[in-house]
Amino acid sequence: MAARRRPGRPAAGPAALVSAVALVSAVALVSAVALVSAVALAALAAAAGAGAPGGPFPWDAVRLPPHVEPLRYHLLLHPNLSTLSFAGRADIELRVARPADAIVLHAKGLRVAAAAVALGGAAPARPLRVLERRDREQLALLPAQPLRPGNHTLSLEYRADLSDSFRGFYRSTYRTRDGELRVLAATQFEPTAARMAFPCFDEPAFKATFSVKIRREPKHLALSNMPIVKSVNLTPWLVEDHFDTTVKMSTYLVAFIVSDFKSISKTTSHGVKVSVYAAPDKIHQAGYALDAAVKLLDFYEDYFSIPYPLPKQDLAAIPDFQSGAMENWGLTTYRESALLYDPEQSSASSKLWITMVIAHELAHQWFGNLVTMEWWNDLWLNEGFAKFMEFVSVRVTHPELAVEDHFLRRCFDAMEVDALDSSHPISTPVEDPAQILEMFDDVSYEKGSCILNMLRDYLTADVFKAGLVQYLQKYSYKNTRNADLWNSMTNICPTVGTYKNELEGGGFCRSQQSPSAAHWTKGAALDVRAMMDTWTLQKGFPLVTVTLRGRNVHLQQERYVKGDGSASSAGYLWHIPLTYITSKSNQVQRFLMTTKADVIILPEEVEWVKFNVDMNGYYIVHYEDDGWDRLINLLKENHTVISSNDRASLVNNAFQLVRIKKLSISKAFDLTLYLKHEQQIMPVLQGLSELIPVYRLMERRGADGTEKHLQEYIVNLFKELIDGQSWSDEGSASARLLRSSLLLFACVHRYPPCVRRAAELFTEWQKSDGTLRLPADVRSAVYAVGAQTPRGWEFLLGKYRLHAFHLEKNNIEFALSLTERQDELRWLMDQGLRGDIIRTQDLPHIIIYVARNPSGYHLAWEFLKENWEKIVEKFELGSNSIAGIVAGVTSRYSTRSHLAQVKEFFGSAGEKSAQLRCVQQAIETIEDNIEWMDRNFEEVKAWLQNNHL
0 MAARRRPGRP
10 AAGPAALVSA
20 VALVSAVALV
30 SAVALVSAVA
40 LAALAAAAGA
50 GAPGGPFPWD
60 AVRLPPHVEP
70 LRYHLLLHPN
80 LSTLSFAGRA
90 DIELRVARPA
100 DAIVLHAKGL
110 RVAAAAVALG
120 GAAPARPLRV
130 LERRDREQLA
140 LLPAQPLRPG
150 NHTLSLEYRA
160 DLSDSFRGFY
170 RSTYRTRDGE
180 LRVLAATQFE
190 PTAARMAFPC
200 FDEPAFKATF
210 SVKIRREPKH
220 LALSNMPIVK
230 SVNLTPWLVE
240 DHFDTTVKMS
250 TYLVAFIVSD
260 FKSISKTTSH
270 GVKVSVYAAP
280 DKIHQAGYAL
290 DAAVKLLDFY
300 EDYFSIPYPL
310 PKQDLAAIPD
320 FQSGAMENWG
330 LTTYRESALL
340 YDPEQSSASS
350 KLWITMVIAH
360 ELAHQWFGNL
370 VTMEWWNDLW
380 LNEGFAKFME
390 FVSVRVTHPE
400 LAVEDHFLRR
410 CFDAMEVDAL
420 DSSHPISTPV
430 EDPAQILEMF
440 DDVSYEKGSC
450 ILNMLRDYLT
460 ADVFKAGLVQ
470 YLQKYSYKNT
480 RNADLWNSMT
490 NICPTVGTYK
500 NELEGGGFCR
510 SQQSPSAAHW
520 TKGAALDVRA
530 MMDTWTLQKG
540 FPLVTVTLRG
550 RNVHLQQERY
560 VKGDGSASSA
570 GYLWHIPLTY
580 ITSKSNQVQR
590 FLMTTKADVI
600 ILPEEVEWVK
610 FNVDMNGYYI
620 VHYEDDGWDR
630 LINLLKENHT
640 VISSNDRASL
650 VNNAFQLVRI
660 KKLSISKAFD
670 LTLYLKHEQQ
680 IMPVLQGLSE
690 LIPVYRLMER
700 RGADGTEKHL
710 QEYIVNLFKE
720 LIDGQSWSDE
730 GSASARLLRS
740 SLLLFACVHR
750 YPPCVRRAAE
760 LFTEWQKSDG
770 TLRLPADVRS
780 AVYAVGAQTP
790 RGWEFLLGKY
800 RLHAFHLEKN
810 NIEFALSLTE
820 RQDELRWLMD
830 QGLRGDIIRT
840 QDLPHIIIYV
850 ARNPSGYHLA
860 WEFLKENWEK
870 IVEKFELGSN
880 SIAGIVAGVT
890 SRYSTRSHLA
900 QVKEFFGSAG
910 EKSAQLRCVQ
920 QAIETIEDNI
930 EWMDRNFEEV
940 KAWLQNNHL
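In numbering that gives the first Met the number 0, the protein residues as written are 0 to 948.
Hints listed in this document are in silico derivations from the structure and should not be mistaken for laboratory results.
Just so you know, these numbers come straight off a predicted model, no measurement behind them.
Ideal Cβ positions, reconstructed from N, Cα and C, are used throughout, including at glycine.
It cannot be assumed that every hint is accurate.
To be verified - Within a straight-line C-alpha distance of at most 27 Å, the following computed DSSO-like cross-link-like pairs (lysine-lysine) qualify: (1) K247 x K635; (2) K798 x K808; (3) K595 x K261.
Claimed, not checked - Per label pair, the in silico range of CB-to-CB distance: (4) R772 x T82: 21 to 31 Å; (5) E343 x R94: 52 to 62 Å; (6) R480 x T82: 56 to 66 Å; (7) R174 x W826: 35 to 45 Å.
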C-alpha cells in the first residue's frame with residue numbers, strides 16, 4: 000500500500016516563533032531571543048525532578064499516560080556537520096481522550112526554546128509552560144487551561160548537539176582513500192533514543208505517521224524512511240528535502256542520514272526500488288548486498304503473502320555503528336562489515352554473515368515494523384522472529400550457504416545463558432531504558448528463534464506458515480502481545496499440496512496424509528498457547544531424563560539449572576514436543592510430554608534410543624543407566640547412523656550434564672574420542688566449543704602442565720582433519736568455514752605444521768608489501784602467526800591503517816590481540832577507547848580478544864575497571880556491548896580471588912551497575928567455574944594420562 004503524502008503544516012500564532020528567513024540558517028533555526036517567551040526560558044533553566052522551580056512534575060510513572068496519543072509528526076531537522084549540532088521543529092497532531100492538565104512526552108538532551116499548542120489544530124497557538132524530568136527523560140507541557148478532548152497540534156522548537164555516542168542523531172566520520180576526514184550524521188533510535196532527535200511519544204504502541212523535512216548543504220545527500228518528493232533550494236548553500244509521509248509506525252523506526260554517500264540500485268520483481276548506500280570509495284563493494292536484498296525482499300513478499308508497503312528499501316553502510324544493523328522501515332542501517340563484500344577479499348564467513356544480517360533486517364519489515372510488540376517485554380516477537388526467518392529465507396534464497404549447519408550453535412549459545420538462575424523468561428517485565436536494553440540478549444534473539452523452530456516442527460511447516468500469515472494480516476500496523484501470536488496459530492487449515500486438511504479437537508489443523516501425520520498424542524487436542532506459554536513465561540529449559548527398561552521408556556522432566564543446587568526447580572513444568580528415533584527405526588516418533596513423568600511403550604526392545612531428533616527441541620536429554628554408554632559405543636562404531644545435528648547435540652548435552660553432576664567428565668571425554676573420525680562442520684565445531692573452554696579454565700589456573708596435555712589432546716583429536724585442509728578458498732561454504740575455523744584453531748594452539756605453513760605465507764605476503772593475494776579463508780590463521788613477532792605485528796598494524804584493508808580490520812584486530820607483549824595489548828585497548836586508529840565501535844571485541852589471551856586477561860580486567868564510566872557513557876548501561884565486555888572479561892575466571900574482585904568492583908560501581916543482569920550472570924558463571932574445577936580437575940588429569948591419541 001503506497002503511503003499518502005501529507006505535507007507539513009507550520010503552526011500559526013505564538014508557536015510560529017521562527018520566520019522562514021530565520022530558519023534558513025543552521026546557526027539560527029530559533030530566531031531572536033526576544034521572541035522566546037519568558038516561561039519557556041524559565042523552563043529551560045528548571046532542574047530535573049519534582050522539585051524544579053517550574054513547579055512539581057505532573058506525572059510520576061516511567062510509561063507515558065495513555066490518554067494523549069500522537070497521530071502525525073511533521074519534523075524539520077537541520078544538522079550542521081561543521082558545528083556538530085542540529086536544530087529542529089516538531090509539529091505533532093495529537094488526540095486527547097479526556098481533559099488534560101499536561102501533555103507528557105519524551106525528550107533527552109534537547110534544549111527546547113518554545114512550545115505551543117493549537118487547539119483543534121487551528122490558530123491561534125497558545126504557549127505552553129515546559130517542565131523537564133531528566134531522570135525519566137520526560138517533558139511536561141502545561142497549558143494555561145486543561146486541554147479539552149479532541150485533536151490538537153503541538154509545536155516545539157529546539158536545538159541539540161549531535162550525539163558522540165552511537166544512539167540518537169549522532170555523528171560518524173570516515174577517511175577517504177586520500178586521507179581526508181568526512182563527517183556524516185546518522186540515527187539509531189531503537190529502543191529509546193528517538194527522543195534524542197525530536198520530542199516524541201517514544202513507546203512502540205504510540206504509532207503515528209511521519210512527514211520529514213531535512214536541510215542540508217548541496218554537496219550532501221539526505222535519506223529518510225520514504226523517498227524525497229521535492230527539494231527546495233532555500234539559498235545557494237542550503238537545500239530542504241521534503242520526504243513523503245510514512246505509513247503508521249513506531250518512533251524507534253524513524254531514520255535519517257545526511258552524508259556524501261553514493262548508491263547503486265535495482266528493482267525487485269514486485270516493483271520495489273532497492274538501493275545500497277556507502278562511502279564513495281567503498282560503493283564498489285555493495286553489489287553482493289544489493290543482489291541479496293533484492294532476492295530476500297522478493298522471498299518475504301511471497302512467503303508472507305503481504306506486499307512490502309513502501310516504494311523503496313535502502314540499505315546504508317554506516318562507518319560508526321554499535322550493533323550489527325537496524326531495521327528502520329525503508330532505510331535499514333548496517334555496520335560496514337555487515338554490508339560490504341569483495342569477492343576477491345572477503346571470506347566465506349563474511350558472505351554468510353552479510354546475507355544473514357540482511358535477511359534479519361528485511362524480515363523485520365514485517366515482524367517488528369508492520370506488526371510491533373506492544374511493549375519491550377515482548378521484544379522477542381520482533382527479534383526471535385527475525386532471527387528465525389534468517390534461516391527460513393536464506394535456506395531458500397542462498398542454498399549454497401548451507402545455513403542449516405549453523406542453527407544449532409545459536410540454541411546452544413542461548414542455553415549457556417538460559418541455564419543460569421539469573422536468566423529471564425522470554426517475555427519479562429521491563430520499564431526503564433537500561434532494563435529495556437538488557438532485553439536485547441541471547442534469550443530474546445536466539446532462544447526466541449529456537450522455540451519458533453521447535454513450534455514449526457510441532458505444527459508442521461505449512462500450518463506454522465499459515466498461522467504467521469494470519470497473525471501478520473490481522474495485526475498489520477498494530478501492536479501485539481505474546482498471546483496474540485499463539486491465538487493466530489489455532490484454527491488454521493492451509494490448503495497446501497494434495498494433503499487433506501481438517502480441523503481436529505481444540506481447533507488445531509492436522510494434515511492427515513502428511514509425512515508428519517504420525518504426530519503427537521493421538522486424539523488429544525493440541526493447545527498451542529498452553530504449550531508455548533510454558534516456553535515464554537518461565538525462564539530456563541527442561542532436562543528430560545530417559546530410562547530404557549525393556550520396551551518401556553521412562554521419562555522425567557525437571558528444570559536444567561547450573562550452580563550449587565540452591566536454585567529451585569519446583570513449579571517448573573514444560574509442554575515438551577519430544578521426538579525420538581531408535582536402533583530399530585529411523586522414522587521420527589513424536590510425543591507431547593505435559594507432565595513431570597511419563598512412559599512410552601515401544602513396539603519392540605531396542606539397543607538405543609536418541610531423543611530430540613536433530614535438536615529441533617529446546618531441551619537437553621540425559622540417558623540413565625547404560626544409556627550413554629550405548630550411544631558412545633554407537634558413535635565409536637558407526638557415527639553416521641545418526642545425523643550430524645544429532646551427533647553435535649550429544650557432544651553438547653554430555654558436557655552440559657557434567658555441569659550439573661549427572662554425568663562424569665570422564666564419560667563426556669570418552670564421547671569426544673569418536674571425533675577423530677568426524678568430518679562434518681557441526682559436530683567438529685561443537686567438539687571444539689566444549690573442549691576449548693575447559694582448556695581455557697585450566698590455562699587460567701596455570702595448572703601443573705595439565706592444560707598442555709589437554710591442548711595436545713584436542714589438536715591430536717582433529718589432526719587428520721587439519722592436515723587434510725588445503726590452504727585455499729576451494730569447496731562448499733561449509734567446507735570453507737570448517738577450514739577457516741580449523742586452521743585458525745591449529746595455528747593459535749601452535750600446531751607445528753600449521754604454524755610453519757602460515758609463517759611461510761606471511762613472509763611471502765610481507766615481502767610483497769601486502770600485495771600478494773592470500774586466500775580469504777586462511778588469512779586469519781596467517782595473520783595470527785605473523786603477529787607473534789614484533790616486526791610482523793608492526794607490519795600488520797601498518798596495513799590496518801590503510802584504506803585498502805578496511806574489510807580485513809576484524810581479522811587484523813584479532814591477530815594483533817594475540818601478542819604476548821603487554822604494552823601492545825594495552826595500546827590496542829587504549830586506541831579503541833580513543834577511537835582514532837581503532838574505531839570505538841570495535842572496542843568491545845578488542846577487550847574480549849585481549850581477555851582471551853593468557854598474557855592479557857588481567858590487563859582486560861584492569862582496563863575495564865579503570866575505564867568503566869567512559870565505556871558505559873559510550874555504549875550505554877544495559878546494552879549488549881556492555882554485557883559482552885563483562886562476560887568476555889570474566890567468563891574464564893575460576894578462583895575465589897577473582898570472584899571476590901568482580902563482586903567488589905561491581906558492588907562499588909554504583910547500584911545501577913551492580914544490578915545489571917550481565918553482572919549477576921558473570922558472578923554466577925565464576926561460581927560455577929570454581930565448582931567445576933574443584934570437582935573435575937583431577938579427573939581430567941587422570942583421563943588424559945590414560946588416553947593418549
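Next on the checklist: To test your reading of the hints: which numbers does this structure violate?
Outcome noted: 1, 3, 4, 6, 7
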